[in-house]
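Novice: Please work from the sequences and hints to get the whole structure.
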Amino acid sequence: MTAEPAKLDVSLQEHEEKQEWWWIAEKKRSKRLDYLRKAVWKKGALGGNYAPGIKVDLEGPKLFTDMWKWWKFDPIIMRRAKALAHVFDNIPIFITDHSQLVGYWGSAPHTISWRVDGASIVNEELYNEPGIMPEPEEESLRKVAEINDYWAGQTAVDKVARILDPEDAVKFLSGAIGWGAPTSAYGYSGKNYEYYLKGERGFEDIIADIEDHIAEAEEKTIGVPGPDILHIYDRIQNWEAMILVLEAAIRFAKRYARLARTMAEHLETDEKRKEELLRIAETCERVPAKAPRNLQESFQMDLLIQTMSRFEASEGAWPARPDYYHGPFYEKDVLQDKSLTEEEATDLIGEFMIRAYEVGGFGPRWAREGMQGITGTWVWTIGGVKPDGSDACNALTTAFLRTARLIRVSNPTFAFRWHPKVSDEVMRECFECIRHGLGYPSFRNDPILVANCMNWHGHPVEEARTWVHQACMSPCPTTKNGVQPFRMASATANCAKMVEYALHNGYDHVVGMQMGPQTGDARTFTDFEQLFDAWTQQMQWLLSLLVRTVNLGRYKDPEFYGRPFLSGITERAVERGIDAVSPEGERGNCWITAFTWVENADSLAAVKKLVFDDKKYTMDQLITALETNWDGYEQMRLDFVNKAPKWGNDDDYVDDIMLRCLRTMAKHSKVMRCTSNNTWPAAPQNVSGNIHYSSVVGALPNGRRLGDALYDGGISPGPGLDKKGPTAVLKSCGKIDHVADGRAFLLNQRLSPTQMAGEKGYQLWRAYMRTWADLGLDHIQFNMVSDKTLRAAQKDPEKYQEVIVRVAGYSAHFVDISRKTQDNIIQRTIQGI
Amino acid sequence: MKCPECSYEAPVPEFRYLYNVRIDAPLTLRQCPQCQAWLSVDELAGESTGKVEAGDAPWGKSAGIERDLEEAV
Ligand SMILES: [Zn+2]
Chain E
1 MTAEPAKLDV
11 SLQEHEEKQE
21 WWWIAEKKRS
31 KRLDYLRKAV
41 WKKGALGGNY
51 APGIKVDLEG
61 PKLFTDMWKW
71 WKFDPIIMRR
81 AKALAHVFDN
91 IPIFITDHSQ
101 LVGYWGSAPH
111 TISWRVDGAS
121 IVNEELYNEP
131 GIMPEPEEES
141 LRKVAEINDY
151 WAGQTAVDKV
161 ARILDPEDAV
171 KFLSGAIGWG
181 APTSAYGYSG
191 KNYEYYLKGE
201 RGFEDIIADI
211 EDHIAEAEEK
221 TIGVPGPDIL
231 HIYDRIQNWE
241 AMILVLEAAI
251 RFAKRYARLA
261 RTMAEHLETD
271 EKRKEELLRI
281 AETCERVPAK
291 APRNLQESFQ
301 MDLLIQTMSR
311 FEASEGAWPA
321 RPDYYHGPFY
331 EKDVLQDKSL
341 TEEEATDLIG
351 EFMIRAYEVG
361 GFGPRWAREG
371 MQGITGTWVW
381 TIGGVKPDGS
391 DACNALTTAF
401 LRTARLIRVS
411 NPTFAFRWHP
421 KVSDEVMREC
431 FECIRHGLGY
441 PSFRNDPILV
451 ANCMNWHGHP
461 VEEARTWVHQ
471 ACMSPCPTTK
481 NGVQPFRMAS
491 ATANCAKMVE
501 YALHNGYDHV
511 VGMQMGPQTG
521 DARTFTDFEQ
531 LFDAWTQQMQ
541 WLLSLLVRTV
551 NLGRYKDPEF
561 YGRPFLSGIT
571 ERAVERGIDA
581 VSPEGERGNC
591 WITAFTWVEN
601 ADSLAAVKKL
611 VFDDKKYTMD
621 QLITALETNW
631 DGYEQMRLDF
641 VNKAPKWGND
651 DDYVDDIMLR
661 CLRTMAKHSK
671 VMRCTSNNTW
681 PAAPQNVSGN
691 IHYSSVVGAL
701 PNGRRLGDAL
711 YDGGISPGPG
721 LDKKGPTAVL
731 KSCGKIDHVA
741 DGRAFLLNQR
751 LSPTQMAGEK
761 GYQLWRAYMR
771 TWADLGLDHI
781 QFNMVSDKTL
791 RAAQKDPEKY
801 QEVIVRVAGY
811 SAHFVDISRK
821 TQDNIIQRTI
831 QGI
Chain X
1001 MKCPECSYEA
1011 PVPEFRYLYN
1021 VRIDAPLTLR
1031 QCPQCQAWLS
1041 VDELAGESTG
1051 KVEAGDAPWG
1061 KSAGIERDLE
1071 EAV
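Quick mapping for you: the protein sequence lines, in order, are chains E and X.
First residue of the first sequence: 1, per the working numbering; consecutive thereafter.
First residue of the second sequence: 1001, per the working numbering; consecutive thereafter.
No wet-lab data here; the hints were simulated from the structure.
Note that the coordinates shown come from a computational prediction; the quantities given were computed from them, not determined experimentally.
Keep in mind that a hint or two might mislead.
What the hints assert, rightly or not - A few chain E residues that face chain X, going by a derived Cβ cut-off under 7 Å, partial list only: (1) D631; (2) E634; (3) V641; (4) N642; (5) R704; (6) G718; (7) G720; (8) S752; (9) D787; (10) R791; (11) Q794; (12) K820; (13) N824; (14) I826; (15) I830; (16) G832.
What the hints assert, rightly or not - Within a straight-line C-alpha distance of at most 27 Å, the following computed DSSO-like cross-link-like pairs (lysine-lysine) qualify: (17) X:K1061 x E:K18; (18) E:K421 x E:K731; (19) X:K1051 x E:K795.
Ideal placement from N, C-alpha and C gives every residue a C-beta, glycine not left out.
Specialist: Right, dumping it as structure tokens:
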């Protein structure tokens, strides 16, 4: 298939006037990209449910379980390696028509993968999930039941849950204060790109290195007896497991090569496609065994590694820096050698994004609700600086931005590392993406975040400058000692509970149990300091509990789970013979995701103002109103909303409370320590946890009822409460020290498509962005879709399948998210700038 | 409160509370326990202001420039 664009008919200008960007994309992209984009199955849950036709993959789980059972006497890491290798060697593979990149996390394009050894509770949920069993359903259910029976009690979560403190375990599992699981079976895997994606090294090179390490170690195990050689036996096992999996990974790629070659030689009649299939074959014979030599090989290596990592663990994020690592190949192929035309390269770039969009695994309901419309947070980092501080933007940076507008996928999205040397050309490309309603790239303030990395975790500056988004927001270097190999998601705090528990003596009226410490009956509080003291204690208790689960998970993970493949691509593990998740030699780069944060400041300010300063209401009245979910207290509720200062209006009354909360939390972040004895800063942001927790967080003094969505951003003002305009929002947010007060702070802003039209719109936006940078904010992202379009999409979803919105740290197709989330997005203030 | 769809009558809290996307407005969404219709409810008046269908905007336009521009006209 050629790279020429599909035929144009209805005027593009007409679509542009109506802001129907999806039609423009369809008309401008090549026939190949059009086919690939439309042929892809949507794996993200719609609201909370999978799309019709999506089935769980039972091939991989069966292969894995069979071989796991077979090697029951092996050391656990070898057992895992052999089971994984068996999947690589036997799972059915396929090549999509017209595609040039291969590799999928499942046996067929419509399947979602299933991590059988992660958590029994997830396995049970999968058994009960309607509509996802392959036909014949009865037989599939029998297979699932058999697999579930086998794994019950011996999954990673079962193992760690048994040794958690029982009280911590019950409170954590209540679902009220956090989510995620303290295991590397699910979560966010950092990638040591500096080790394996610089075009310098293939798996054969890594294997050769490991063999040297083993030979050296074995010299010691036949040497002088003593305690200092005992740990080496375990290390040799780890190394052997790495080799076993890396070799299987090479074979996995070669299976694709063989399939492509067979198709080319025996099945394909079209000469052009035959050539493409042979190129796929050559590519997969080359990578990942050897270092890539061109753009296609570089993309293919990256994609295969991401795919294979997911066969090992259900990785919920896709940290990447594609322009930086693939850029040199783009420049060589397209600009220097001219072995690829720009259009041919666009096809590869577009497909690289589509192959990532295609990836999906089964997630429990809380995860589906918390990340509506997507299957994980594939936030790809672009732009930024090189380790020497010079501009890292290259020709591939703009090529990715241009291609994103043609492909219009909601996952991956881009986050752009802005710095003062970024060219106007690149900024215009970024702006075009936002103007086209993609909601991305989001903007990250690079100098601030590099300083933040150095401040919280002590990364040397050259290391800090390699950072990528490990999930939605938090920066993670890609270096040997700087990379966090695995971020377990259970350090995700439902922070609105801090103020809720401070008001209810630590008791949770929603789940009906004593959760936090008993910090006193709030009805008897006589001044604000008593309330703030209770809040502080609840905050410390809540964060400490969650952090304990992760620390324990990290400590026990090599024994309970183990990641031989991830270890094989992580320099620190290869060098030392440890499992990658083991903290040995890791600098430590932890963070707490702080969901539902801003409610704390707005609630505390409202109590201070109306109860303690103005004395308009008593604590007793307030607690009674909250206990009835404000039913029958509407006027009082409106007073708490409208007669108390709200965050985001440049009002020091509430902004000072926000800063005090953040700084009290930051102090505790330094008291808590990770497995590398480093700090635990918080990153306020919500994914779509603000919707998930709407039925978990009780009524609050900021005026919300149980059931209402929480505020959408990490530091975004409440929808409609930012009444003083965009500069006031930036000024409030600019009072936060984005280096020292926490890890990262998510700010959502909505802009008017009408106001942002044309060159004038761009210039207005640039001026606004200069203010943003000057005030030292670390993050901002934009929605630029009108109320009218969004309401029309609610009314007639079929017609508006391709409308994309920025939800929180990610984007989603508007029609895939729940009505409540949709309404929440529509009611965000559209700022005129 | 009376349901404008099926005329079912009961105190407001008996209509299942759904949500309010504009915390600064007294307008909420509740569901009629008899006919299951989604209703917009004026919590101050204790009355339903009507049935809410997909794409309806009981809160009106979102705050900010577009609303300001409209009001200025
Ligand atoms: Zn009714």
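Novice: Hints first: check each against the structure and report whether it holds.
Specialist: Checked hints:
1. This hint holds: D631 (chain E) has a C-beta 5 Å from the nearest C-beta of chain X, less than the 7 Å allowed.
2. For the restraint placing E634 (chain E) at the interface with chain X, the shortest Cβ-Cβ distance is roughly 4 Å, inside the 7 Å limit, so the hint holds.
3. The interface hint given for V641 (chain E) is met, as the beta carbon of that residue sits about 5 Å from the closest beta carbon of chain X, less than 7 Å.
4. The interface hint given for N642 (chain E) holds, since its Cβ lies 6 Å from the closest Cβ of chain X, which is under the 7 Å cut-off.
5. A hinted interface residue such as R704 (chain E) counts as satisfied when its beta carbon comes closer than 7 Å to some beta carbon of chain X; here the least separation is about 6 Å, so the hint holds.
6. Hint status for G718 (chain E) relative to chain X: holds, with the closest Cβ pair at about 6 Å, below 7 Å.
7. For the restraint placing G720 (chain E) at the interface with chain X, the shortest Cβ-Cβ distance is roughly 4 Å, inside the 7 Å limit, so the hint holds.
8. Among the interface hints, the one on S752 (chain E) holds; its C-beta lies about 5 Å from the nearest C-beta in chain X, closer than the 7 Å criterion.
9. A hinted interface residue such as D787 (chain E) counts as satisfied when its beta carbon comes closer than 7 Å to some beta carbon of chain X; here the least separation is about 5 Å, so the hint holds.
10. At a threshold of 7 Å, the smallest CB-CB gap from R791 (chain E) to chain X is about 5 Å, leaving the interface hint in force.
11. Look at Q794 (chain E): its Cβ gets to within about 4 Å of chain X, closer than 7 Å, so that hint holds up.
12. Nearest Cβ of chain X to the Cβ of K820 (chain E): about 6 Å, under the 7 Å cut. The hint holds.
13. Because the smallest distance between the Cβ of N824 (chain E) and any Cβ of chain X comes to about 5 Å, under 7 Å, the interface hint for this residue holds.
14. Because the closest C-beta pair between I826 (chain E) and chain X is about 6 Å apart, less than 7 Å, the hint holds.
15. For I830 (chain E), the interface hint holds, the least distance from its beta-carbon to any beta-carbon of chain X being 4 Å, beneath 7 Å.
16. The closest approach between the C-beta of G832 (chain E) and any C-beta of chain X is roughly 3 Å, which is under the 7 Å cut-off, so the hint is satisfied.
17. Taking the CA atoms of K1061 (chain X) and K18 (chain E), the gap is near 19 Å; set against the 27 Å cutoff, the hint holds.
18. In summary, the hint linking K421 (chain E) to K731 (chain E) is supported, as the alpha carbons are separated by about 24 Å, within the 27 Å threshold.
19. For the hint pairing K1051 (chain X) with K795 (chain E), the CA-to-CA distance comes to about 14 Å; that is within 27 Å, so the pair holds.
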